[in-house]
Amino acid sequence: EAEVAQSPRYKITEKSQAVAFWCDPISGHATLYWYRQILGQGPELLVQFQDESVVDDSQLPKDRFSAERLKGVDSTLKIQPAELGDSAMYLCASSFTGALGTEAFFGQGTRLTVV
Amino acid sequence: AQSVTQLGSHVSVSEGALVLLRCNYSSSVPPYLFWYVQYPNQGLQLLLKYTTGATLVKGINGFEAEFKKSETSFHLTKPSAHMSDAAEYFCAVSAAPYGNKLVFGAGTILRVKS
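Quick mapping for you: the protein sequence lines, in order, are chains A and B. The opening residue of the first sequence carries number 1 in our numbering; numbering runs sequentially from there. The opening residue of the second sequence carries number 1 in our numbering; numbering runs sequentially from there.
What the hints contain is simulated information worked out from the structure, not anything from laboratory work. Please note: incorrect hints may appear among the correct ones.
[As the list claims (entries may be wrong)] Listed next, the in silico DMTMM-like pairs over lysine to aspartate or glutamate satisfying Cα-Cα at most 25 Å (straight line):
hint, chain 1, residue 1, chain 2, residue 2
1, B, Lys58, A, Glu68
2, B, Lys49, A, Glu3
3, A, Lys11, A, Asp63
4, B, Lys68, B, Glu88
5, A, Lys11, A, Glu103
6, B, Lys49, A, Asp56
7, A, Lys15, A, Glu103
8, B, Lys58, A, Asp86
9, B, Lys58, A, Asp63
10, A, Lys71, A, Glu103
11, A, Lys15, A, Glu1
12, B, Lys58, B, Glu15
13, B, Lys113, B, Glu88
14, B, Lys69, A, Glu103
15, B, Lys68, A, Glu103
16, B, Lys49, A, Asp86
17, B, Lys49, A, Glu1
18, A, Lys11, B, Glu88
19, A, Lys78, A, Asp57
20, B, Lys49, A, Glu103
Could you put together the complete structure from these sequences and hints?
Below, the structure is given as structure tokens:
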């Protein structure tokens with residue numbers, strides 16, 4: 001069964017260091033999402049791509065976070081420098097289209113701990 | 001803007017008992033509503049969704065939910081809880097013009113007692 005792949009599953013980094021997460025969506029899915037889930041809260045959208053273009057990054061802290069999806073397939077989310085408050089689960093999801101109501105399939109996430 | 005409120009951060013039921021997880025939403029336009037389940041250190045799996053049409057929606061693993069516009073609610077139920085239902089459940093909403101962006105509630109942790 002096709003699934004969204006994320007790596008690494010776990011990451012521990014020191015504050016002020018750079019960290020990157022990778023996501024490979026389900027083949028053929030044009031829309032890719034990065035969500036952040038802080039412990040005890042629901043996921044919050046950071047950025048949404050349609051193919052290689054960003055369609056929503058209104059909640060992305062652009063002073064330290066960046067995201068790219070250069071060829072419209074896999075994607076990388078980077079944090080530089082990491083802060084203690086960035087400790088969270090980072091979830092990648094993909095959907096066939098960005099049309100309203102289209103099911104989004106989630107990866108297993110990357111759990112980031114900043115020390 | 002849209003928002004979701006899940007009443008009760010923790011719900012405990014006995015095995016075989018009715019499961020009821022509450023969700024209320026706020027949306028200025030007709031919403032699409034979703035329930036997702038998350039097991040520890042895993043991603044989210046879709047249980048069911050309401051888009052248009054029939055207001056009683058059936059999902060996987062015996063769960064169902066009913067969209068009640070007058071009450072702005074989308075509560076999740078299952079007639080008989082199983083131990084394997086223990087997990088965290090998230091209600092989410094999306095609506096135009098925000099496209100397929102999901103806005104999630106804070107989640108409800110379901111505990112099933114033997």
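Here is how each hint holds up against the structure:
1. Restraint check for Lys58 of chain B and Glu68 of chain A: not satisfied, since their Cα atoms lie roughly 37 Å apart, outside the 25 Å limit.
2. Note on Lys49 of chain B and Glu3 of chain A: the hinted pairing holds, with a Cα-Cα distance of about 20 Å set against a maximum of 25 Å.
3. Taking the CA atoms of Lys11 of chain A and Asp63 of chain A, the gap is near 21 Å; set against the 25 Å cutoff, the hint holds.
4. Restraint check for Lys68 of chain B and Glu88 of chain B: the C-alpha separation of about 23 Å stays at or below 25 Å, so the hint holds.
5. In summary, the hint linking Lys11 of chain A to Glu103 of chain A is not supported, as the alpha carbons are separated by about 28 Å, beyond the 25 Å threshold.
6. Between Lys49 of chain B and Asp56 of chain A, the direct Cα distance comes to roughly 23 Å. Compliance with the 25 Å bound is thereby established for this hinted pair.
7. With a C-alpha separation of about 35 Å, the suggested pairing of Lys15 of chain A with Glu103 of chain A is violated against the 25 Å cut-off.
8. A hinted pair counts as satisfied when its Cα atoms are at most 25 Å apart, and Lys58 of chain B with Asp86 of chain A does not qualify at roughly 37 Å.
9. Restraint check for Lys58 of chain B and Asp63 of chain A: the C-alpha separation of about 43 Å exceeds 25 Å, so the hint is violated.
10. At most 25 Å may separate the alpha-carbon atoms for a hinted pair to count; Lys71 of chain A and Glu103 of chain A meet this at roughly 23 Å.
11. Using a Cα cut-off of 25 Å, the hinted pair Lys15 of chain A and Glu1 of chain A is violated, with the two alpha carbons roughly 37 Å apart.
12. Among the hinted pairs, Lys58 of chain B with Glu15 of chain B is consistent with the structure: their alpha-carbon atoms are about 21 Å apart, no more than 25 Å.
13. This hinted pair checks out: Lys113 of chain B and Glu88 of chain B have alpha carbons roughly 15 Å apart, not beyond 25 Å.
14. About 22 Å separates the Cα atoms of Lys69 of chain B and Glu103 of chain A, which keeps this hinted pair within 25 Å; it holds.
15. For the hint linking Lys68 of chain B to Glu103 of chain A, the alpha-carbon distance of about 21 Å falls within 25 Å, and the restraint holds.
16. With a C-alpha separation of about 31 Å, the suggested pair Lys49 of chain B and Asp86 of chain A falls outside the 25 Å cut-off, and the hint is violated.
17. Between the alpha carbons of Lys49 of chain B and Glu1 of chain A the distance comes to roughly 21 Å, so the proposed pair stays at or under 25 Å and holds.
18. Restraint check for Lys11 of chain A and Glu88 of chain B: satisfied, since their Cα atoms lie roughly 23 Å apart, inside the 25 Å limit.
19. Taking the CA atoms of Lys78 of chain A and Asp57 of chain A, the gap is near 14 Å; set against the 25 Å cutoff, the hint holds.
20. For the hint pairing Lys49 of chain B with Glu103 of chain A, the CA-to-CA distance comes to about 9 Å; that is within 25 Å, so the pair holds.
The earlier numbered hints that this structure contradicts are 1, 5, 7, 8, 9, 11 and 16.
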